[in-house]
Amino acid sequence: MTARFPTSPRGMVASFWDNRNLIGLLVKREAVGRYQGSVLGLLWSFFHPLLMLTVYTFVFSMVFKARWNVGGESRTVYALVLFSGLMVFSLFAECINRAPSLILGNVNYVKKVVFPLEILPWVALGSAFFHMVVSLIVWMGFYVVIFGAPPVTALLLPLVLVPLVLTVMGLSWLLASLGVYLRDVTHIVSVVTSVLMFLTPIFYPLAALPESVQPWLYFNPLTVVVEQTRDVLILNKMPHWPVWGLFVAASFVIAWAGFAWFQRTRRGFADVL
Amino acid sequence: MSSDVAIRVCDLSKTYLTYQKPRDRLLQSLLRHRRTFYREFWALRDVSLEVKRGEVVGILGRNGAGKSTLLQAICGTLTPTRGTVEVHGRVSALLELGAGFNPEFSGRENVRVSAAILGMRPEEIAARFDAIVAFAELAEFIDQPVKTYSSGMYLRLAFAVAVHVDPEILIVDEALAVGDLAFRNKCLEKIRSMMAAGVTILFVTHDISTLQLLCTRVVWLDQGRVRAIGEPIRVSQDYYAELVGHKGTPGEPAQTMLIQQDTGKALFTEVRLQGNGQLRPGDTLSIAFAVQAKEALGPLVFNISIYRADGDWVVGQTSREAGIYWPAAAAGEVRKGRIELAPLSLAPGDYLVAIGACSEDYSLCYALTDLSLKFSVRAAYPTWGKFIHPIRWIAE
Numbered sequence: 001m002t003a004r005f006p007t008s009p010r011g012m013v014a015s016f017w018d019n020r021n022l023i024g025l026l027v028k029r030e031a032v033g034r035y036q037g038s039v040l041g042l043l044w045s046f047f048h049p050l051l052m053l054t055v056y057t058f059v060f061s062m063v064f065k066a067r068w069n070v071g072g073e074s075r076t077v078y079a080l081v082l083f084s085g086l087m088v089f090s091l092f093a094e095c096i097n098r099a100p101s102l103i104l105g106n107v108n109y110v111k112k113v114v115f116p117l118e119i120l121p122w123v124a125l126g127s128a129f130f131h132m133v134v135s136l137i138v139w140m141g142f143y144v145v146i147f148g149a150p151p152v153t154a155l156l157l158p159l160v161l162v163p164l165v166l167t168v169m170g171l172s173w174l175l176a177s178l179g180v181y182l183r184d185v186t187h188i189v190s191v192v193t194s195v196l197m198f199l200t201p202i203f204y205p206l207a208a209l210p211e212s213v214q215p216w217l218y219f220n221p222l223t224v225v226v227e228q229t230r231d232v233l234i235l236n237k238m239p240h241w242p243v244w245g246l247f248v249a250a251s252f253v254i255a256w257a258g259f260a261w262f263q264r265t266r267r268g269f270a271d272v273l
Numbered sequence: 001m002s003s004d005v006a007i008r009v010c011d012l013s014k015t016y017l018t019y020q021k022p023r024d025r026l027l028q029s030l031l032r033h034r035r036t037f038y039r040e041f042w043a044l045r046d047v048s049l050e051v052k053r054g055e056v057v058g059i060l061g062r063n064g065a066g067k068s069t070l071l072q073a074i075c076g077t078l079t080p081t082r083g084t085v086e087v088h089g090r091v092s093a094l095l096e097l098g099a100g101f102n103p104e105f106s107g108r109e110n111v112r113v114s115a116a117i118l119g120m121r122p123e124e125i126a127a128r129f130d131a132i133v134a135f136a137e138l139a140e141f142i143d144q145p146v147k148t149y150s151s152g153m154y155l156r157l158a159f160a161v162a163v164h165v166d167p168e169i170l171i172v173d174e175a176l177a178v179g180d181l182a183f184r185n186k187c188l189e190k191i192r193s194m195m196a197a198g199v200t201i202l203f204v205t206h207d208i209s210t211l212q213l214l215c216t217r218v219v220w221l222d223q224g225r226v227r228a229i230g231e232p233i234r235v236s237q238d239y240y241a242e243l244v245g246h247k248g249t250p251g252e253p254a255q256t257m258l259i260q261q262d263t264g265k266a267l268f269t270e271v272r273l274q275g276n277g278q279l280r281p282g283d284t285l286s287i288a289f290a291v292q293a294k295e296a297l298g299p300l301v302f303n304i305s306i307y308r309a310d311g312d313w314v315v316g317q318t319s320r321e322a323g324i325y326w327p328a329a330a331a332g333e334v335r336k337g338r339i340e341l342a343p344l345s346l347a348p349g350d351y352l353v354a355i356g357a358c359s360e361d362y363s364l365c366y367a368l369t370d371l372s373l374k375f376s377v378r379a380a381y382p383t384w385g386k387f388i389h390p391i392r393w394i395a396e
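As they're listed, the protein sequences go chains A and B. Everything in the first sequence is counted per my numbering, starting at 1 for the first residue and increasing by one. Everything in the second sequence is counted per my numbering, starting at 1 for the first residue and increasing by one.
In case anyone wonders, no lab produced these hints; they're calculated from the structure. Just to be clear, a hint being listed does not mean it is correct.
As the list claims (entries may be wrong) - In silico negatives: residues of chain B with every beta carbon more than 10 Å from chain A:
#, residue
1, 26
2, 28
3, 394
Said to hold, decoys possible - In silico lysine-lysine, DSBU-like type, Cα no more than 35 Å apart, as pairs:
#, chain 1, residue 1, chain 2, residue 2
4, B, 52, B, 147
5, A, 111, B, 190
6, B, 190, B, 265
7, B, 147, B, 190
8, B, 374, B, 386
9, B, 147, A, 28
10, B, 186, B, 21
11, B, 265, A, 28
12, B, 374, A, 111
13, B, 374, B, 186
14, A, 111, A, 28
15, A, 111, B, 294
16, B, 386, A, 111
17, B, 52, B, 21
18, B, 386, A, 28
19, A, 28, A, 237
20, B, 190, B, 294
21, B, 52, B, 265
22, A, 111, B, 336
Said to hold, decoys possible - Facing chain B, according to a computed beta carbon distance under 10 Å, are these residues of chain A, among others:
#, residue
23, 25
24, 29
25, 31
26, 65
27, 76
28, 77
29, 161
30, 182
31, 186
32, 218
33, 237
All of these numbers come straight from a predicted model, not from anything done at the bench. All residues carry an ideal CB built from backbone N, CA and C; glycine is no exception.
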């Protein structure tokens with residue numbers, strides 16, 4: 001019986017691979033299903049980022065006249081820079097905010113059907129990822145209209161996101177399990193993500209902070225990803241590979257630890273739901 | 001380990017630990033046995049069961065007997081407290097009506113997802129989709145959200161998916177109860193064809209007739225323990241007899257002790273059931289009786305009442321209707337007789353008998369036994385209703 005829920009890193013990868021069809025189906029259902037029954041359908045998913053980006057551009061270039069401190073840029077760049085960081089953060093925040101209620105919201109999957117519960121965070125991630133891709137398309141559209149072709153390094157974005165994805169998964173597994181036992185987790189998480197939004201260099205470049213404060217921001221796992229995203233999307237800079245490698249390794253450990261925690265504690269789910 | 005075993009359950013126990021707060025459950029897993037935060041409830045105790053490949057096993061029991069818990073443990077949605085469960089083969093489980101369904105989505109979507117949950121690949125699902133919809137008879141509604149479905153439609157769709165994923169083991173929990181007769185027949189036909197194909201089937205139902213018809217074996221669970229495992233008709237009739245309110249243990253020898261009230265007029269000195277009290281429909285139930293007058297009595301009539309063990313009065317007849325009277329008796333005199341019910345036409349169950357002696361015009365009761373005489377009826381074939389009435393069937 002003990003071998004039923006593997007906790008090894010291999011088990012983590014195998015669970016994803018074995019259930020890839022189901023994950024794909026559920027992601028599709030969730031991403032597209034959100035707009036089920038509405039007249040505009042999938043167009044709504046484009047509408048939101050489009051509107052937000054327009055508003056940001058207006059507010060920050062016309063109202064606040066904000067600048068990114070990189071000198072000599074056009075006013076619209078602030079909104080695009082801001083939005084690129086925000087896309088990354090939204091991916092993180094959407095997953096993390098949903099994590100504590102993933103199991104709670106699917107009691108049937110725990111008690112009534114034989115279901116690989118550990119894939120639920122993957123499904124949430126997939127759906128958040130879908131929204132990020134939509135935002136990215138909108139962002140690219142703006143970029144092309146204003147600046148022309150984006151830098152080649154933009155193709156590296158998927159690699160830059162690898163550590164983020166792994167960290168999100170690890171935290172999601174942990175929070176999904178904790179959320180079952182401690183209902184407070186949902187509230188704690190929403191407070192933390194709101195605060196984190198301002199402790200991540202989204203609205204400002206890291207360099208804008210006093211040098212004494214800068215190292216502290218590296219404790220925030222999002223800092224590196226946000227900075228590197230801007231590097232590849234806008235600044236035509238290669239990511240700092242050693243940092244990236246270290247980060248991938250660390251986030252893999254986080255993912256595995258979260259997975260192991262989830263698998264160890266899931267036996268109790270049915271008892272308290 | 002032989003390969004023809006599909007399910008092996010060994011000394012399975014499940015304790016539900018009821019926690020005051022969910023967080024106590026987490027503390028318990030972290031602190032292990034250093035403190036207890038729970039109260040125990042044993043849903044299953046030391047259940048052992050071996051199901052061979054191709055067997056059809058029915059599970060009987062009252063509400064709360066542990067039937068669903070057993071099925072959940074076999075499916076793996078529940079972690080047993082003690083004991084082991086081995087399952088060999090691809091399982092398709094219908095634990096609750098459309099539990100994997102999302103009410104907001106269309107039938108089509110839900111079929112895809114629940115088939116994928118049951119382990120089917122997308123191309124397999126596509127290949128079988130039409131057969132599933134046809135079986136469920138929902139072609140017109142398949143693109144409607146399932147929240148608009150009736151419970152019968154829900155069941156049809158859920159059942160259709162569960163049986164079309166080519167399971168090696170099918171587990172069904174009380175699902176057949178909601179369908180109409182036509183769909184039930186369809187399900188039974190499908191189950192029969194799956195049986196013929198060698199699928200192992202395990203199901204819970206309160207419908208004893210289905211059980212008697214389909215199963216190769218029946219498990220009777222009572223308060224988390226296995227009360228009996230065996231031949232479907234015998235086990236389900238024993239279960240039924242107890243369900244309707246039997247107080248003693250089934251199969252105990254017929255009671256001969258006389259409990260009666262003293263009327264001052266007469267007393268039964270003997271009421272005896274011939275044989276061991278285990279009868280089959282069509283047998284002769286024979287009861288010998290003797291009553292002794294305590295004072296001078298006029299001509300006597302006797303009566304018999306038979307109650308089913310749940311208190312339902314099924315027979316109440318006197319010798320008066322048949323025109324049989326016993327002559328008047330002086331004080332101390334004994335009047336004897338015999339009652340024969342032949343052929344015995346009562347449906348399987350446990351019964352209690354009372355016999356009375358009355359005055360000729362039935363206005364005075366001279367003596368009356370309590371319901372102290374017991375007998376049981378068991379049939380070798382499935383039966384329904386309360387009586388096996390003598391009936392002639394004429395084919396034309």
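Hints the structure fails to honour: 1, 2, 4, 6, 10, 11, 12, 13, 15, 16, 17, 18, 20, 21, 22, 25, 26, 27, 28, 29, 31, 32 and 33
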